[in-house]
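Asker: Based on the sequences and whatever the hints tell you, model everything.
Here is how the chains run, residue by residue.
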Amino acid sequence: MKEFKVTPIRNGTVIDHINVGMALKVLKIVGVKEDVSSTVSVLIHVPSKKAGWKDIVKIEDRELDPKELDKIALISPNATINIIRDYNVAEKFVVEVPNVIKGIMKCSNPGCITNKDEPVEPEFVVESKKPITLRCVYCDRITTDVAENVQ
Amino acid sequence: MSAAFRGMDVVSIRDFSREQVEHVLKLAEKMVPIAKGEERSVLLEGHVLGSLFYEPSTRTRLSFDAAMTRLGGRVLGFDQPAGASVAKGETLADTIRMVDAYSDVIVLRHPQEGAARLAAHFANRPIINAGDGAGQHPTQTMLDLFTIRKEKKKIEGNNVVIVGDLKYGRTVHSLSEALAMFGANLTFVAPPSLQIPKEHLKQIESMGHKPKMATTLAEVVKDADVLYVTRIQKERFPDPAEYQKVAGTYRIDLGLLKDVKKDLIIMHPLPRVGEIASEVDSTPHAKYFEQAFNGVPVRMAILGLVLGGLK
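Just so you know, the protein sequences line up as chains A and B, in that order. Counting in the numbering used here, the first sequence runs from 1 upward without gaps. Counting in the numbering used here, the second sequence runs from 1 upward without gaps.
Everything labelled a hint here was simulated from the structure, so no lab data went into it. Just so it is clear, the structure is predicted and the values come from calculations on it, not from any experiment. Where hints are given, some of them may not hold.
What the hints assert, rightly or not - DSBU-like cross-link-like pairs, simulated, lysine-lysine; straight-line CA separation at most 35 Å:
#, chain 1, residue 1, chain 2, residue 2
1, A, Lys129, A, Lys102
2, A, Lys116, B, Lys88
3, A, Lys106, B, Lys154
Stated by the list, open to error - Chain B regions said to be covered by chain A (calculated; three or more residues, Cβ under 8 Å):
#, segment
4, 114-125
5, 131-143
Each residue gets a CB set at the ideal place from its N, CA and C atoms; glycine is no exception.
Answerer: Put into structure tokens, the structure is as follows:
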């Protein structure tokens with residue numbers, strides 16, 4: 001029998017095939033914070049057949065909105081989402097880079113107005129999905145390193 | 001065309017098609033006698049321009065003031081944030097919402113990149129970007145294009161050599177993209193540390209142009225139709241000696257102009273700090289003061305269009 005370091009969850013969301021080292025940033029992106037009411041398991045550096053190593057996040061009793069989850073693609077383009085109901089995978093899908101990114105990362109340009117105390121959310125247009133290239137809607141600065149700028 | 005312009009924000013030159021820029025230049029031509037004070041106009045009578053300059057500016061601010069006043073409109077605003085509510089910590093968003101209620105069009109110069117786009121987000125009135133940090137300065141680009149077209153009859157096919165701080169120079173990025181859009185042949189002359197950023201080069205190349213790159217002026221100036229000079233800022237150099245060396249290399253004087261084309265024109269967004277020797281001013285090549293004047297008719301055309309007074 002296969003040995004699990006973390007047991008399967010009954011209901012909730014499993015985010016699998018996260019790029020190794022990105023699990024905590026994924027939690028940030030999907031808005032899971034310390035005020036969460038259920039158990040969240042974070043597995044960092046797990047052997048993976050496909051990629052060598054990966055991270056996994058399991059959020060119990062919560063089905064995350066697939067639209068929100070697409071943002072994960074910015075830092076883990078190969079991540080898969082499994083919605084678990086009664087120990088079974090009820091839905092499974094691959095994340096896809098959205099066309100517009102709003103609110104999850106800051107602009108890499110320190111001189112950008114969105115990095116000042118103004119009442120706006122940073123917003124980016126996705127210029128290219130592979131490799132990921134984002135353009136700030138405000139200052140036009142091109143960013144390729146998303147993980148570095150996730151807030 | 002007028003429907004497309006009325007109420008439009010002028011934030012980046014990229015927001016304009018070639019046809020739209022040509023339309024602005026054509027109207028600006030008609031504005032020249034009014035800009036010179038030879039003809040009177042009440043085109044924008046009763047309209048108010050909110051002029052917000054968070055950074056010092058001479059030419060841009062005064063030429064917007066002149067443009068609005070010559071068309072019969074009025075100007076309110078500030079030319080330094082000290083003393084204004086800004087100094088008390090008000091956000092740009094709040095200042096803009098207030099001025100939006102007091103005026104019909106807002107001209108904004110701000111040290112932060114993206115400030116004009118942010119202002120456009122909060123204002124109902126048209127926002128005209130008068131420079132946002134190292135970002136865009138679209139009306140400068142239009143007056144540069146206007147100057148080249150006026151002096152050379154057309155922009156297409158001219159060899160335009162742009163020299164100076166091409167990395168940080170605000171005017172250079174939007175101008176070079178616009179020149180590529182109009183089919184000019186571009187040459188960038190700068191020390192390697194101040195050459196044009198890759199993303200701009202890529203943008204220009206995506207329009208089907210392959211700009212030339214050079215490190216010295218002497219090798220390219222002979223074929224130039226337009227020599228566009230920008231200031232190399234001292235603060236970009238950690239070592240003052242290095243600055244002196246670089247600045248000296250790109251100085252335009254009569255010696256450099258010995259073998260240039262007869263009808264070469266020299267432009268500079270001004271202020272200049274020694275990049276062009278004053279002995280050049282009296283040559284027929286010098287067009288930088290005309291260029292500064294051209295800001296008035298071009299800004300008149302833009303104000304007239306976004307306020308609906310011009311079609």
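Asker: Between Lys129/A and Lys102/A, does the CA-CA distance stay at or below 35 Å?
Answerer: The given pair, whose Cα atoms are some 16 Å apart, holds under the 35 Å limit.
Asker: Can you confirm whether chain A covers the segment 131-143 of chain B, using C-beta to C-beta distances below 8 Å and requiring at least three such residues?
Answerer: With 5 residues in contact (Cβ-Cβ under 8 Å with chain A), the coverage given for the segment 131-143 of chain B holds.
Asker: If you count the residues of the segment 114-125 of chain B with a beta-carbon closer than 8 Å to a beta-carbon of chain A, do you get 3 or more?
Answerer: holds (count 5)
Asker: For the pair supplied as a hint, Lys106/A and Lys154/B, is the alpha-carbon distance within the 35 Å limit?
Answerer: The hint is violated at about 42 Å.
Asker: For the pair supplied as a hint, Lys116/A and Lys88/B, confirm whether the alpha-carbon distance does not exceed 35 Å.
Answerer: holds, 15 Å
Of the hints listed earlier, the one the structure fails to meet is number 3.
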